[in-house]
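S.K.: Read off the chains here:
Number of protein chains: 2
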Amino acid sequence: MAALHELTAAEAARRIRAGAVSPSNLVAALLKRIDAVEPAVQAWVHLDRDAAARVAVQRDIEAREGRFMGALHGVPLALKDIFDAAGLVTTAGAGPFAHRTAAADAASVARLRAAGGVVLGKVTTTAFAFLDPSPTRNPWNPEHTPGGSSSGPAAAVAARMAPLALGSQTVGSVLRPAAYCGVVGLKPTHGRISTAGVVPLSWSLDHVGIFARTVEDCALTLGLLAGPDAADPLSSAAPLDDYVIATADPAPPRIGVLRALLERATPEMATHVEATARALEKSGAFLADAALPSSFTGLHDAGGLVMRAEAAAWHAPLFARHAAEYPPKIREALEAGRALSAVDFLAAQQHRRAFRADMAPVTARFDALLTPTVGAPAPKGLGSTGDPYFCAPWSFTGLPAIALPSGVDPAGLPLSIQLVGSAFGEARLLAAAAWCERVIGFDAVPRL
Amino acid sequence: MAALHELTAAEAARRIRAGAVSPSNLVAALLKRIDAVEPAVQAWVHLDRDAAARVAVQRDIEAREGRFMGALHGVPLALKDIFDAAGLVTTAGAGPFAHRTAAADAASVARLRAAGGVVLGKVTTTAFAFLDPSPTRNPWNPEHTPGGSSSGPAAAVAARMAPLALGSQTVGSVLRPAAYCGVVGLKPTHGRISTAGVVPLSWSLDHVGIFARTVEDCALTLGLLAGPDAADPLSSAAPLDDYVIATADPAPPRIGVLRALLERATPEMATHVEATARALEKSGAFLADAALPSSFTGLHDAGGLVMRAEAAAWHAPLFARHAAEYPPKIREALEAGRALSAVDFLAAQQHRRAFRADMAPVTARFDALLTPTVGAPAPKGLGSTGDPYFCAPWSFTGLPAIALPSGVDPAGLPLSIQLVGSAFGEARLLAAAAWCERVIGFDAVPRL
Chain A
0 MAALHELTAA EAARRIRAGA VSPSNLVAAL LKRIDAVEPA VQAWVHLDRD
50 AAARVAVQRD IEAREGRFMG ALHGVPLALK DIFDAAGLVT TAGAGPFAHR
100 TAAADAASVA RLRAAGGVVL GKVTTTAFAF LDPSPTRNPW NPEHTPGGSS
150 SGPAAAVAAR MAPLALGSQT VGSVLRPAAY CGVVGLKPTH GRISTAGVVP
200 LSWSLDHVGI FARTVEDCAL TLGLLAGPDA ADPLSSAAPL DDYVIATADP
250 APPRIGVLRA LLERATPEMA THVEATARAL EKSGAFLADA ALPSSFTGLH
300 DAGGLVMRAE AAAWHAPLFA RHAAEYPPKI REALEAGRAL SAVDFLAAQQ
350 HRRAFRADMA PVTARFDALL TPTVGAPAPK GLGSTGDPYF CAPWSFTGLP
400 AIALPSGVDP AGLPLSIQLV GSAFGEARLL AAAAWCERVI GFDAVPRL
Chain P
0 MAALHELTAA EAARRIRAGA VSPSNLVAAL LKRIDAVEPA VQAWVHLDRD
50 AAARVAVQRD IEAREGRFMG ALHGVPLALK DIFDAAGLVT TAGAGPFAHR
100 TAAADAASVA RLRAAGGVVL GKVTTTAFAF LDPSPTRNPW NPEHTPGGSS
150 SGPAAAVAAR MAPLALGSQT VGSVLRPAAY CGVVGLKPTH GRISTAGVVP
200 LSWSLDHVGI FARTVEDCAL TLGLLAGPDA ADPLSSAAPL DDYVIATADP
250 APPRIGVLRA LLERATPEMA THVEATARAL EKSGAFLADA ALPSSFTGLH
300 DAGGLVMRAE AAAWHAPLFA RHAAEYPPKI REALEAGRAL SAVDFLAAQQ
350 HRRAFRADMA PVTARFDALL TPTVGAPAPK GLGSTGDPYF CAPWSFTGLP
400 AIALPSGVDP AGLPLSIQLV GSAFGEARLL AAAAWCERVI GFDAVPRL
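Protein sequence lines correspond, in order, to chains A and P. Taking numbering that gives the first Met the number 0, the leading residue of the first sequence gets 0, the next gets one more, and so forth. Taking numbering that gives the first Met the number 0, the leading residue of the second sequence gets 0, the next gets one more, and so forth.
Only chain A is shown next, with the shape it has when bound in the complex:
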């Protein structure tokens, strides 16, 4: 039987509901795990020990009385430190000039708490969710980056310090660290989850994302988070699905392989993804090549431009007072953003929308498109959080994407495939991912 800190969110929820595990014991086990491995990983910004223990006792009492708040009753979770949690400081991974005590929970945090989730605390983000690294290390090898910007969520879930974490992706900030850390990372469609109460980087591109160790956990959590929110004008009223039911008994999916992207990965990663595709096909998946529309050309530049302009607009008041205190990469991006013209911004937004429109018939043909999540495993050193090239197109289109751990390379670092779905088609994407997850059977664990 798995140690308590190794339980997935869904397993933990089931055992709590069955009376086999108490939320207090689960929180205690995770705090013990954190004490053991945090010195090597450095994923936490603020571990809210007392509050977590206190809330867990409350969940204990309710559970004993047969009262369950929701699908995550008593399940601990971690928050990237750009999510507001009432009463805690949101640091945004930046200096004291950026710190702010949150008066209220972010919409997503409130929804998980309302479902019984227990907030353990805040985990690291790169500064303002951009490229300046956090001190967090990769649980598979502390000399390597965990990726970013959601460094803490990926590392904490990989290191079994929390079964579940909230992160965010503007370019590649959920799927890339998930890939580098060997966990599942889901970024649903832009607008699917409210970003209210989350420090923005670029509102056209910002997505709330989920870190977990199984597709089931992502489906469970998405079901709680998805849906419109009056506080986020970009949140969508698109119809919702029951994501847990969708993933429970998936059929062999139709998978479109974006071969043009494979060629951008290292030969080793390309070979791994090809081998994974063949294994999926051998198990019954329907594979075909999928082509990128011509509007893919220049998309990365267009998305980067939108991001810099919107980041510069949002940061303007803070940057006016504290430019010198900003770390170098975000500072450079904001300065570049300030220099952009409105006309170039509008052309970039148009390019992005054209690519999204061009992708609609491509995603409609398949349950998922297959690409590498990253071009290579986590790079050595903490100076760079790696290359978001393969994740960026799906942030720039807002299409849902999921990273699945798919192997370990000879150096002991995780490999990952990325599956991309159609707009607001998370049910279909998650079903495909659940099917692939079973075939792949990834069960490696970082040694800590």
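Bear in mind the hints are in silico, worked out from the structure with no lab data behind them. Yeah, the Cβ is synthetic: ideal placement off N, Cα and C, and Gly gets one too. Treat the hints with care, since some could be wrong.
To be verified - These stretches of chain A come out as covered by chain P in the derived footprint (C-beta under 8 angstroms, 3 or more residues):
1. 309-318
2. 332-339
3. 342-350
Said to hold, decoys possible - Listing some non-contacts, in silico: residues in chain A with all C-beta distances to chain P over 12 angstroms:
4. Ala-50
5. Arg-99
6. Pro-266
7. Leu-291
Based on the hints, put chain P in the right spot on chain A.
M.R.: Frame of chain A, contents of chain P only:
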């Protein structure tokens, strides 16, 4: 009994359906009227005599057989020359470098034709629907501007050359010429009518609008035009109402007087609007003062900035080749738009959205807000199309607004009140307008 060219669209449709008027005779009467008054008004860019006569004969045959295409069966109409009509040149009021033969109807044109409308031809627009004037004259006094940018639609409807016309408003281009020409001008909520196939000026602000001589005609036409369109990503799926039923038997409305705006009009116009308000109240309307939110400050600058930036983005390819051929006002605006920064554009969009949010509780309290449509009657001369100050806020928020002719000044020029509604609340706004229209009883006609 009114001459055929004096019929409103709804009256014409009713008589055609009753067999009392034939579409051919109606078109012939309007062509005769055009021959008589067009030399003085100069509203037409392209009068499509033969096609209109041919289509009218077709509508005759169908009517005799009891087959009616829709609510506008056999009713003639005019199109501002930024609307595509299949096979006709769209000039956009600019030089030959901008001319383009339309392959297909604009979405709105297609809907009116599908309802049996007969396109008489194209009427003038200022160059690219901006401020450089067209040669059109005000039917009430040829030495005065008809307003712009929808100069032709307003003048043609006022001069009884067409009962109905399509125009567009980005700042004040429907309601202002409607006011100057003594006709009814409706600009519904942004996104209510597809702008597909209409030459854009600024897509965040561009609205298709309706010119007619009664609220009933506006309601009838809006019912045909409203609704989402896959070809216009900004068109809305907000629920529709039966606008004709809504306006048939209106109750006394609750009217909020935006007194702060009254102070911006000439004393004569302010006095007229106050007197009109008192007359409405005396007849049973519920009047109260309504306040503008503080975000009104700077709104005109913000909206103007958005317009210039988007116009510069859309015109970029054409402007690169033909800058010298652009008339001076649009050229200056495009040059200013090119120089704007992305950050300033985003701040302006944010200002605009904040004002829209702040207005929601104000519009919710009333069936309509009352303001002057224009600060003064149509100015003398054709060099300026007048000041859009009073119309601009409702373009920048996207709120629905309607101009009602409300009197004639001592110089013989029409006066007008503007009623503003809540987002997608056209039914309530039109009901209020229909009630006010009956109380006001405007029946002056330009002498031509």
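S.K.: All hints are to be evaluated individually against the structure, with a verdict given for each.
M.R.: Hints, verified against the model:
no., hint, verdict
1, 309-318, "holds (count 4)"
2, 332-339, "holds (count 4)"
3, 342-350, "holds (count 6)"
4, Ala-50, "holds, 34 angstroms"
5, Arg-99, "holds, 20 angstroms"
6, Pro-266, "holds, 39 angstroms"
7, Leu-291, "holds, 21 angstroms"
Consistency note: the structure conflicts with none of the earlier hints.
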